[in-house]
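Heads up: the sequence lines are chains A and B, in that order. According to this note's numbering, the first sequence is numbered sequentially starting from 1. According to this note's numbering, the second sequence is numbered sequentially starting from 158.
Do not rely on the hints blindly, as some may be mistaken.
To be verified - In silico DMTMM-like links for lysine to aspartate or glutamate, alpha-carbon gap of 25 Å or less:
#1 K562(B) with D256(B)
#2 K281(B) with E21(A)
#3 K341(B) with D620(B)
#4 K169(B) with D218(B)
#5 K169(B) with D125(A)
#6 K169(B) with E849(B)
#7 K777(B) with E124(A)
#8 K693(B) with D707(B)
#9 K592(B) with D547(B)
#10 K592(B) with D707(B)
#11 K777(B) with D123(A)
#12 K653(B) with D125(A)
#13 K592(B) with D242(B)
#14 K169(B) with D620(B)
#15 K777(B) with D125(A)
#16 K592(B) with D94(A)
#17 K434(B) with D218(B)
#18 K431(B) with D236(B)
#19 K434(B) with D466(B)
#20 K213(B) with D256(B)
#21 K653(B) with D94(A)
#22 K117(A) with D571(B)
#23 K213(B) with D242(B)
#24 K545(B) with E888(B)
#25 K281(B) with D26(A)
#26 K257(B) with D297(B)
#27 K562(B) with D466(B)
#28 K653(B) with D689(B)
#29 K434(B) with D123(A)
#30 K545(B) with E579(B)
#31 K465(B) with D550(B)
#32 K582(B) with D571(B)
#33 K777(B) with D844(B)
#34 K341(B) with D458(B)
#35 K898(B) with E849(B)
#36 K592(B) with D83(A)
It should be emphasised that the hints constitute simulated quantities derived from the structure, not laboratory data.
Residues per chain are reported as follows:
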Amino acid sequence: MSISVSTTVNGDAVDFICNPEESLLDALRGRLGLTGSKEGCGTGDCGACSVTLNGRLVCSCLVLAVEAEGAEIGTVEGLASADRLHPLQQAFLDHAALQCGVCTPGILVAAKALLEKNPDPSDEDVRYWLAGNLCRCTGYDKIVRAVQSAAAQMRSA
Amino acid sequence: MAFDSHQKREFKQVGTRPPRPDGIDKVTGRALYGADVSAPGMLTARILRSPHPHAKIVAIDTSEAAALPGVKGIVTGADFALPDDEFFADIAVNVMARDKALYDGHAVAAVAAISPAVAAEALKRIKVTYEVLPHVTDVDAAMRADAPVVQPGRAVETVPAGMGANVTHFCEFGHGDVADGFAKADLVVERSFRTAATHQGYIEPHACLASMTADGKADLWCCTQGQFNVRTICATLLGIEASQLRVSASEIGGGFGGKTTVFIEPVALALSRKTGKPVKLVMTRDEVFKATGPTVSTSIDVKIGMTKDGRITAGEAVLRYSGGAYPCGTVDMGAQAAFAAYDLAAVRTTGWNALTNRPKEAAYRAPGAPQAIYAVESVVDELCLALKLDPLDVRIRNAARKGTKSSYGPTFDDIGLLATLEAAKAHPHYTAPLKPGQARGLSCGFWFNFGGNTCVSLNVNTDGTVGVTEGNPDIGGSRASISLMAAEELGIEYDKVRTIIADTSSLGYNDVTDGSRVTFSVGLATIKAARDAIGKMCGRAAKIWGIDEDAVEWRDGAAHPAGPNAGQFPPMTLAEIAAVSFQTGGPIAGHHEVNVDGAGVSFGVHLVDLEVDSETGATKVLRYTVFQDAGRAVHPDYVEGQMQGGAVQGIGWALNEEYIYGRDGRLQNAGFLDYRVPVASDLPPIDTVILEIPNPGHPYGVRGVGETPIVPPLAAISNAVSRAIGVRMQELPMSPPRILKTIRAARA
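In isolation and in its complexed conformation, chain A is listed as follows (with noise of 0.2 Å):
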C-alpha cells in the first residue's frame, strides 16, 4: 500500500508517496533526494537526523513519513540563504565546530531550534539542550563555543 503525502519542506510544498511503516527521514533522503539529514541509529539515540516538525524539534527516524501530512518541516538544507549562511552554519566553520561533519547537520538545526526558544543560553543550557545530538570527533567543546557565538552575533543582530 502506498500512501500520497503533501507537505511542505523547507517552505516548499512538495508531495511524495511513501509506504505506511516508512519513516519521515527515510522519505526526505529516499523520496526527497534530501540526504543533508543523516541516520546513524535509527532509534533516536544520536540526533543525526534531527528537523523541526511544525517547529518542534524531532528524530525524523522516529517520525512516520505520513505525519508529515499538512506539517512545515525544517531540514539543515533550508538554514542558507543562497548567497549567505545562516550565523550558526558560519559559527561552526569559524571555530571548527565540526571534524567528519556527519553529525553537524543535526546539531545546526537542534542548535537552531534552541537559540529561537532561548536566544542567551548558557554554557550549560547548551549542552544539555544538545545532549541528544552525539558527536563522535569534537568532544563537544568547540561545538558549544561556536553556538555560543552564533547566539552572541543573532542577538546583537
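Model the placement of chain B on the given structure of chain A, informed by the hints.
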C-alpha cells in the same frame, strides 16, 4: 626527508587557522557520505547474521527467499574466494561465514532486492540450520586449556607449547635485570586490571554502493579510511584485478581506526556481479555494534618498584588481550607502549592474545596502548600516593628523553615528553584548589605514529592556482592542513590551493588513514611534490631568461636569479610562469611517491578534576586539560580538535563504554541507548596546550597527533576516581554500579 633545520623559516601559512575547504558542504548538508548516493536501477541489500556466538553452519536453504518476488540475488560464503594468505582469508571468512559462525552477528548470507522491505522479508525466509557450540567471550577464560576452541591451529610460532588452543600470539619486550631492579626498590606494587572492549562509535554506519559488470569491471563508492586497502581486499576476495575495480571514498562520518576495515563492500560487489545491477548496502547501528570492530578486551598484571625518592627501579607487565574470533597482534603494540614514557634500567613486558567468540578487533586510536598504559599509570599513581610523592614530579624524574633506550628497543631522538610534563606542572590547572570531595588525576600517554606508502600529485594551473591530489580520506580537516603546507612551500595564498581526495584509478597507492599518518606523511609528500614543481618552474624561468637552471632559485612564490652573476631579471611569480607554460614546455606538475619513515613518536599528559557521588556511583568530570607535543601544529584548530575528541573518547572508555555479553554469548547493548558514549552535558570544556618540539623526520617538524589523546584519559580518570573514593579502581569502565560496588566492598 629530514627536518629543514637549515631553513629556520618563519612560517607564513602553517600555524594559521583558515576555514576548511570542505566546510560549506558539511554545514549545508551537501557533503556526500557513504549512504548519500544512489544509482539508477539500484537494488538494496541486507545481511543475515548469526544469532549464536558459536555454531556450526550445517545448511543454508535460500530457496524460499529466492522465490520471493523482488529478490534478485542471494550470496553466501560459497560466493567468495578463500585466499591462501591468512590475512585475507580471515577477512573473507569474517565478511561471510563458511562452516562456523564465530560470534553473535557474524554474517551468513546476504540478499539484494528491489526495495529495503523486500530485502528484509527475504532475510526471514532464509533457513539456516545451526549446530550450536559452546562459546567463550572472556579473555582469561579463553586462555584456559579447557576453554571452548574458537578456531584450532591458529597459534603463531612464538607461542610456547602447552598453551590453550585459543592462544594465538606471544610477545616479549624489555631490557635489564628486572629481579635486581625490584630488589633495589623501597616499595613494590603489583596489581591486576581489566578493561572492557569499546567501539569506535563513529556516527556514520558503514555504507557502500557497488556496481560490477559481467566482464569484471567494477566501481565502488564507500565510506572508508583507505580506498586503496578496500580495493586490494575486494579484488582478492572477488578474484578480480585491481585495475578493474575503481574505489571512491565518500566523505567519512568518523572512523577512528574502525574504517580501516572491509565488511560489506565485497558483499555488495558480489551481489552486483550476480544481479547485474548496482547494489547499495548500509549497515544498521545494531550491525555496526555486533559485527564491526571493537577494541581488544584485556586482563593485565603490572608490577613496579620505586625508591622512596621516586625513582622507578623496575617495571613488569603481563598483558592478555583478546581481539575476538581471529588472531590479533594488537597486544604487541600494548606490550611495546606500556612503559614508553619511562627511562628504565630494567623493564619487561610480555603479551598474549586469545581467541574469543567476539567480533574481529579493529583499530581504535592508538590500538592496544590505552589499556596497557592505563594499568602502568595506575600503579605509578598508587606508588606516588603510598610514598607521598608528587605524581608529576615522579613522572618528570623518570621521563624518557632524547637518548633514552625505550622500553621497546629503539633509542629516542628528540621527544616532547619532558616539555609536556613541565608544561602541565606550570599550568594553573595543576595547582588550582580542589573542593572537598573532588580529586585530581593525571596520566602520560604515548603513541608510535606511522608514515607509510604515500603518493601525491600537484598540478599548477595556468591561472596561477594549484590542485593537490592526495589519496587519504579527510577524516578531520586534513584537506585544510595539506593545502596549508602546499601553499607554504609554493609561497602562494591558501585560497589558491584546492586539495582533493582521489579514487584508486587516479593516483598511486596510499596506505589507509591510520597511525596519525596523514598530516605527517601526505604533508611530507605534498611538500616534496611542491619542491618538484618548483624545480620545474625554475627550469621554465631559466629557459625564458636564457640562463642555467641552477642559476634560478625560488623565494616567496617566485623564481629569482640566484645571485648577481645569474643576470638581472625581474622575478617571475608562480602565476606568471604558469600563464606561459604552454609556450615553455607544457603543463607543470609535481609528484612525489614514497614509503615514509621518520614518524616521530608522540607524548601527551592529561590532567583531570572530578567528583564522585558516593550515593549513585556517578562521576562528574569538572575540569580537563590536555598537553601534547604536535611537533608543528599545521592547523591548530584541528590539532586541538584531535586532542579534545580523543580525550572525550577516553573519558567515555573510562566511565561508561563497554561491550556487555550475556551468559548466552550475545551482545546485550548493541545500540547508543545502552552503549553510552559521552554526550555534551556529561562534559566540561576540554582545554588544550599544544607543545611544538619539531619531529626530526619531517621538513616542517610535524608529528602525528590523532591517536595519543585517547591514551591518557583512562588512567587519569581512574587515578582521580581512586583518590576521590580512597580505593584503587582496577577495572574499566568505572560505571556507576562498579564504583558503588567498590565503595561498598571497601566499607564492609
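Here is how each hint holds up against the structure:
1. K562(B) with D256(B): Roughly 48 Å separates the two Cα atoms, so the pair is violated.
2. K281(B) with E21(A): Holds, at roughly 18 Å.
3. K341(B) with D620(B): violated, 70 Å
4. K169(B) with D218(B): Violated - the C-alpha atoms of D218(B) and K169(B) are around 66 Å apart, more than 25 Å.
5. K169(B) with D125(A): violated, 39 Å
6. K169(B) with E849(B): holds, 16 Å
7. K777(B) with E124(A): holds, 14 Å
8. K693(B) with D707(B): Distance of about 11 Å is within 25 Å: holds.
9. K592(B) with D547(B): holds, 19 Å
10. K592(B) with D707(B): It is violated: about 68 Å lies between the C-alpha atoms, which goes past 25 Å.
11. K777(B) with D123(A): Holds, because 16 Å separates the two Cα atoms, which is no more than 25 Å.
12. K653(B) with D125(A): Between K653(B) and D125(A) the Cα gap is close to 40 Å, so the pair fails against 25 Å, i.e. violated.
13. K592(B) with D242(B): violated, 59 Å
14. K169(B) with D620(B): holds, 22 Å
15. K777(B) with D125(A): holds, 17 Å
16. K592(B) with D94(A): Violated, at about 36 Å.
17. K434(B) with D218(B): At roughly 24 Å apart (the allowed maximum being 25 Å), D218(B) and K434(B) satisfy the hint.
18. K431(B) with D236(B): At roughly 9 Å apart (the allowed maximum being 25 Å), D236(B) and K431(B) satisfy the hint.
19. K434(B) with D466(B): violated, 71 Å
20. K213(B) with D256(B): Given that 25 Å is the threshold and the Cα spacing comes to 6 Å, the pair holds.
21. K653(B) with D94(A): holds, 19 Å
22. K117(A) with D571(B): violated, 53 Å
23. K213(B) with D242(B): The given pair, whose Cα atoms are some 23 Å apart, holds under the 25 Å limit.
24. K545(B) with E888(B): Roughly 24 Å between the alpha carbons, so the hint for K545(B) and E888(B) holds.
25. K281(B) with D26(A): With a Cα-Cα distance of about 22 Å, the restraint between K281(B) and D26(A) holds, given a limit of 25 Å.
26. K257(B) with D297(B): holds, 23 Å
27. K562(B) with D466(B): holds, 22 Å
28. K653(B) with D689(B): Roughly 18 Å between the alpha carbons, so the hint for K653(B) and D689(B) holds.
29. K434(B) with D123(A): violated, 50 Å
30. K545(B) with E579(B): holds, 20 Å
31. K465(B) with D550(B): holds, 13 Å
32. K582(B) with D571(B): Holds, because 20 Å separates the two Cα atoms, which is no more than 25 Å.
33. K777(B) with D844(B): With a Cα-Cα distance of about 16 Å, the restraint between K777(B) and D844(B) holds, given a limit of 25 Å.
34. K341(B) with D458(B): holds, 20 Å
35. K898(B) with E849(B): violated, 43 Å
36. K592(B) with D83(A): Roughly 51 Å separates the two Cα atoms, so the pair is violated.
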